[in-house]
Amino acid sequence: MSAATDLHRSPLHDLHVLAGGKFIDFYGWQLPVQYTSIIDEHQTTRQAAGLFDISHMGQVIIEGPGAFEFIQKLITGDLQRTFDKGLGVYGHMCLPTGGIIDDIFVYGLKDTPATNQAGVRQPCGGRFFMVVNGATHEKDVAWLRKNVSSGVSIFDLEHRAAFAIQGPKALEIIRSTIAGIAELPRFAFQQIQGGAPNDTFWGCRTGYTGEEGAEFFGPAQTIVALWKQLLENGSALGLKPCGLGARDTLRLEVGYPLYGHELSENRTPLEANMEWVIKWAKGDFIGRAALEKQKKEGVKEMLLAYELTERGVPRQGAKVFNEGRPGGETVSGTFSPSLQKGIGLAYAPVSWNNAGTILEVEVHNKRVPVRVVKLPFYKRGS
Amino acid sequence: MSTSRRYAKSHEWIRVEGNIGTVGISDHAQKEVTDVVYVEMPKTPKAVKAGEEGTTMESVKAAFSIYAPVSGTITKANTALEGDPGLINKSPYDQGWIFALEITDPAELNSLMTEEQYLAFLKSGEAAAHH
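In the order they appear, the protein sequences are chains A and B.
All letters in the first sequence, in the order written, are residues 1272 to 1653 by this note's numbering.
All letters in the second sequence, in the order written, are residues 14 to 144 by this note's numbering.
The hints are simulated quantities; they were obtained by calculation from the structure and are not laboratory data.
All values reported here derive from a predicted model rather than from experimental measurement.
Heads up, a few of these hints could be off.
Claimed, not checked - Computed beta-carbon distance windows for the label pairs: (1) A:ALA1626 with B:THR57: 54 to 64 Å; (2) B:ASP107 with A:ALA1450: 46 to 56 Å; (3) B:THR88 with A:LYS1293: 32 to 42 Å.
Each residue gets a CB set at the ideal place from its N, CA and C atoms; glycine is no exception.
Using the sequences and the hints given, assemble the complete structure.
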């Protein structure tokens, strides 16, 4: 175990300590796993609103002529969407093998006209804000720098913080605190000018819980002040800080992948059952040829979702069996507080992935029946 | 405040009345395991030696074994935990008891910690190794 002093601490750390947070080491960051109880915080987010520190996520600015083409070449998503619709673009960064380096969000601001005088869309430079996972942050930046084209600058931002506010009351609380964000459509974003000249931060209508809400990214002081303000304005509506424990049960209920579990360099977006992240019409990107080949030949293993039909909680690593035959392995498993049952995601032979099929999962050295289901496990308002 | 509870290094407590010991997990342990969602009801009667698994429980976080602090025969399980496993978190020393056993050798109780000793054990840092 590494000493606490070796771990990164969020700029929100002192507030978490005051709020009674219980800390864990999360990929080199000391972050709260819970304040009161994982289930309480889960229900708070489903029924009112929760605040989640996500300062461990990497924040990178990519800008300059050719920045658009550079990013377009690195991700499976179509960056044009950020200009056409003003939406954040989700995508995977892949190796040439199609294996996933990370899953990321990119938000773009145009610095040059998108169309030339003849009305033809021009490749433009612009300024892009990329949010990457904490666990893969260094690796991602190294990959960006390795592939960078001339004229493109990459700034791995420091002294930053970030949080998400999520839940049915989230937009109301945001509206009472900061203008312009709650009104945006889902996945849209805005760059906001703070008090000081270099104090710009981002408000994005994104999240990781399946609830309405937003994520804010910016300089540490600005974000800490905004966290406090939201908590003050939102506590009457039930807003509470929530830890990584609830973040995990919430994301798993809606079937969102977590890097290092569902996604890794040994898995492709097709195997992760996420073909929708590959925008085939966009043109070339790193990994495309391998993914095309895999699509043509068909994947052998694919991510499937299952729920337990009796008591028990599946855990990461739990083996999955089909009529006694081994072949599947659980990559995420938990107790779903909303459904009050065990749920899991597993890689297994693609032929096993039919909703309704009964498989078996090893829980506590015992095989228990599970039913294959379609994602999400839980839908908002159900 | 002194109590008649005795504690094992694996964070179970036992309270003895006559030759019957009632077993649960400590307040410290319930905080560590987080929200308990299932408790396996041990089949009774079940003979266990000190340090053997009496039953298991699942929290949101992980699965945990509940060890018998002393040797005996488990004769009763707290069936209220089937409907409300969170009693272990809400009331670890009272409504959240897990099983009761007939103690074979009362002398084994002497090797367990008093509450005072247990609290000192928690502070020593050695406790973390026994979760």
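Hint-by-hint comparison with the structure:
1. The beta-carbon spacing between ALA1626 of chain A and THR57 of chain B, approximately 40 Å, falls outside the hinted interval of 54 to 64 Å.
2. Between ASP107 of chain B and ALA1450 of chain A the CB atoms are about 51 Å apart, so this pair conforms to the stated range of 46 to 56 Å.
3. Against the hinted window of 32 to 42 Å, the Cβ-Cβ separation of THR88 of chain B and LYS1293 of chain A comes to about 36 Å, which satisfies the hint.
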